[in-house]
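Please put together the full structure from these sequences, using the hints given.
2 protein chains.
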Amino acid sequence: MPQASMPQAGTPRVVIVGAGFAGLAAARALGNAAIDVTVIDRRNHNLFQPLLYQVATAALSPADISEPIRRTLGRYRNIEVMLAEVTGVDAAARTVRLNGGSSLPYDRLVIATGSEYNYFGHDDWRTWAPGLKTIHEARLIRQRLLLAFEKAELSRDPDEKKALLTSVIIGGGPTGVEMAGAIAELGRFMITRDFRKLEHDQMRVVLVEAGPKILAAFPDNLVQYALRELEKTGVEVLTNLPVVSVTKDEVVAGSTRIRTGCVIWGAGVKASPAGKWLGIEGKAGGRIPVEPDLSITGFPDIFAIGDTALGLAEDGKPLPALAQVAKQQGEYLGKALKEKLLDGKAAGPFRFHDRGNTAVIGRNAAIFDFGRWTLKGHVAWLLWAIVHVYLLVNFEKRLLVSIQWIWRYLTRQRGARLIDENAAAFVPSSTQRTET
Amino acid sequence: MPQASMPQAGTPRVVIVGAGFAGLAAARALGNAAIDVTVIDRRNHNLFQPLLYQVATAALSPADISEPIRRTLGRYRNIEVMLAEVTGVDAAARTVRLNGGSSLPYDRLVIATGSEYNYFGHDDWRTWAPGLKTIHEARLIRQRLLLAFEKAELSRDPDEKKALLTSVIIGGGPTGVEMAGAIAELGRFMITRDFRKLEHDQMRVVLVEAGPKILAAFPDNLVQYALRELEKTGVEVLTNLPVVSVTKDEVVAGSTRIRTGCVIWGAGVKASPAGKWLGIEGKAGGRIPVEPDLSITGFPDIFAIGDTALGLAEDGKPLPALAQVAKQQGEYLGKALKEKLLDGKAAGPFRFHDRGNTAVIGRNAAIFDFGRWTLKGHVAWLLWAIVHVYLLVNFEKRLLVSIQWIWRYLTRQRGARLIDENAAAFVPSSTQRTET
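Going line by line, the protein sequences match chains A and B. Residue numbers for the first sequence follow full-length UniProt numbering, beginning at 1 and rising by one. Residue numbers for the second sequence follow full-length UniProt numbering, beginning at 1 and rising by one.
No wet-lab data here; the hints were simulated from the structure. Careful, some of the hints might be misleading.
Any copy, or any two copies together, can satisfy a pair, since identical chains are not distinguished.
Within a straight-line C-alpha distance of at most 20 Å, the following computed SDA-like cross-link-like pairs (lysine to any residue) qualify [what the hints assert, rightly or not]:
hint, residue 1, residue 2
1, Lys197, Arg75
2, Lys197, Ser102
3, Lys397, Trp407
4, Lys197, Ser103
5, Lys397, Tyr409
6, Lys197, Ile35
7, Lys397, Arg408
8, Lys317, Gly348
9, Lys338, Pro105
10, Lys197, Arg13
11, Lys197, Asn32
12, Lys197, Pro105
13, Lys162, Lys248
14, Lys345, Thr11
15, Lys283, Asp315
16, Lys340, Pro105
17, Lys197, Gly74
18, Lys197, Asp159
Given below as structure tokens:
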């Protein structure tokens, strides 16, 4: 097998599938130990997802928030990185099957394949309402958003113009709130500065939530604050409106029809379908139930961490699908595997330490929930920025993102307003109402 | 028409097609004059093409070297920007036809549509050997290059591995030389740091030139220096070898067959087909002959500037297709049109001022040809870097590029090693020789 052409007899093998927050943390914790580690991912890069909405809204470049997995793990000589797709697991033979038909043996298997957006049975909506999980999707959203403005500038039909300038964000979680705030700021700036035939009052940003409130995981005082700030930025928040239909240019939520030029999906996630490899029906959102040591119930050599796992907090409640849970699970599991495989020691159960929950609404406005106390406003926004810069992967990215944020703060300019392809080809002739 | 819903009687209209170096310079020179200017481009952004090879080799992000045309021209209230594609010109009616069937009137028309790569009748080669003109192509090349290394890491067939690690650059002009040097540096670094199963001596970078020497526009002492530096970096230079065939994994040049994982085309350009709009057969490389005032022969109201125009130097020789020629022609024409349209003054003929010619070979190695004197080596490289940072569009980009270059100089790391899509899908199963 490729990860050890000259295997040392007796060196234990750990295979980690997925190099997100969870998988990378587990790999790092196993770094430079006397264990052969193989990390498999379908992509060549990791991604700092909390800032992906800034790529979608033209504030940052993809490379600012991602790094090749090889580079992240390059310093650990015991870790191999494979660009491949896992298609199945043979738990009896202890092998992982890869696309192309080959397979890879393991002593311990770690499944950290994350989550994907849940369209609740309407996968056809995905075409018109992309989620925000990959660089590809972020670029797609950026392109649609910017193209809608370009088309609106060319249109001479006021209704069409208004529809093109309406963005609909489905789902009132942190990602939806962040996208809505960022789109409102971007749109207002572009209309003021760069477009001649568009007016502020023609632009709408609508945040649609099926439940009774947005930011459901946050306490009420923060939600009220967020609502006020969103309103100030020009975002309309509609609650109790489950989405009924999504087409190219219209969203129907409850009985409300909204014509739109750009739809973004952020309404809940489901676990990756990795459970199928083991014949497991996932529970809530397809997540795989795990034991206190994060092994999958019934499979003591196979572990699940991050969004794909359904871990339980000490109070018996399911842990949320958050980056900090994924990271802590990865760190715990890497260390536990090392102790078990090398010293035969059994680790205690995984314990989640809540570092607080945050969302940013826009310029100078963010919220933090630390459980016992909360923070909002300018100070929260500054803390949010500092924490997120700190969490970036290296000094270069921290410097680059800081400079771009400071630049943006001072000028309101966004540096990455690129439509990648031959953009004119995307403008259908019917919307080009130039005089003939 | 869209560029002036409230046209002032008598305000002259200038339409500029293409927002590259030439078109933008012309538009800027017309900025805030009492003239209605419309700039039409198929893309929403301009592009600093001299650094595009750094996007293709993962050193910079697309947004570092491009800016929305709207933003560049946003400060001039008399300039409209249209994202559209021109399909024809009616010189008698003085209108430009757009995709979608609409049309736009002009008093003066400026054609600045640039050039494209010339495959000399073999347009099918384009699929396997993309040129380096757009962000899309730069990303495509980056993706192929990085994927070839990923495939090589997985391959267990030494011949296949060697083929995948062989890059072929066709065309020994500045772009070809810059790409070859940058790929050699990138490949060597990645093999040392990030790949476990690849060796330096398995990597090849081959620069193929049909003529007797590379960098034909430069004096011999600089060419000799460039050859030595390329050799040091690990680039093989093959001259007098016209390319006979290009397929997915093989280039045949003369009688030499080279198996390869990544082919890049840089072998000569031809003018955009704008001449066809006027029924003009272009001359050398399809370029449109222009008068000393840059009007197209026989069309006193239509001007051609930049790569698409065949201007003549004072000695009667054709001007080269260079950014500095384009920029100077744009500046001259913008000023001349303003004087003519507003004051009725006729401008003197266009005169090109040669600012010198440069190419960069790699770390610490560049060449400058200023006509009377030349410069090479470390100092030339530093000058090259300073000039190119200075030529970037604003302070933010200058700062971002400087930081990335300094970071790269110190660490040899390249920040943008991204394969964008679901990369594993690109790895065909036949190359995945993992043990079964």
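Cross-check of the supplied hints:
| no. | hint | verdict |
| --- | --- | --- |
| 1 | Lys197 <-> Arg75 | between (54 Å within a copy, 15 Å between copies) |
| 2 | Lys197 <-> Ser102 | between (58 Å within a copy, 18 Å between copies) |
| 3 | Lys397 <-> Trp407 | both (15 Å within a copy, 10 Å between copies) |
| 4 | Lys197 <-> Ser103 | between (59 Å within a copy, 18 Å between copies) |
| 5 | Lys397 <-> Tyr409 | both (18 Å within a copy, 15 Å between copies) |
| 6 | Lys197 <-> Ile35 | between (63 Å within a copy, 18 Å between copies) |
| 7 | Lys397 <-> Arg408 | both (16 Å within a copy, 12 Å between copies) |
| 8 | Lys317 <-> Gly348 | within (19 Å within a copy, 81 Å between copies) |
| 9 | Lys338 <-> Pro105 | within (18 Å within a copy, 74 Å between copies) |
| 10 | Lys197 <-> Arg13 | between (62 Å within a copy, 18 Å between copies) |
| 11 | Lys197 <-> Asn32 | between (60 Å within a copy, 18 Å between copies) |
| 12 | Lys197 <-> Pro105 | between (62 Å within a copy, 19 Å between copies) |
| 13 | Lys162 <-> Lys248 | within (15 Å within a copy, 47 Å between copies) |
| 14 | Lys345 <-> Thr11 | within (17 Å within a copy, 85 Å between copies) |
| 15 | Lys283 <-> Asp315 | within (18 Å within a copy, 80 Å between copies) |
| 16 | Lys340 <-> Pro105 | within (19 Å within a copy, 78 Å between copies) |
| 17 | Lys197 <-> Gly74 | between (51 Å within a copy, 13 Å between copies) |
| 18 | Lys197 <-> Asp159 | within (14 Å within a copy, 60 Å between copies) |
Figure legend: structure checked against the earlier numbered hints; every hint is met.
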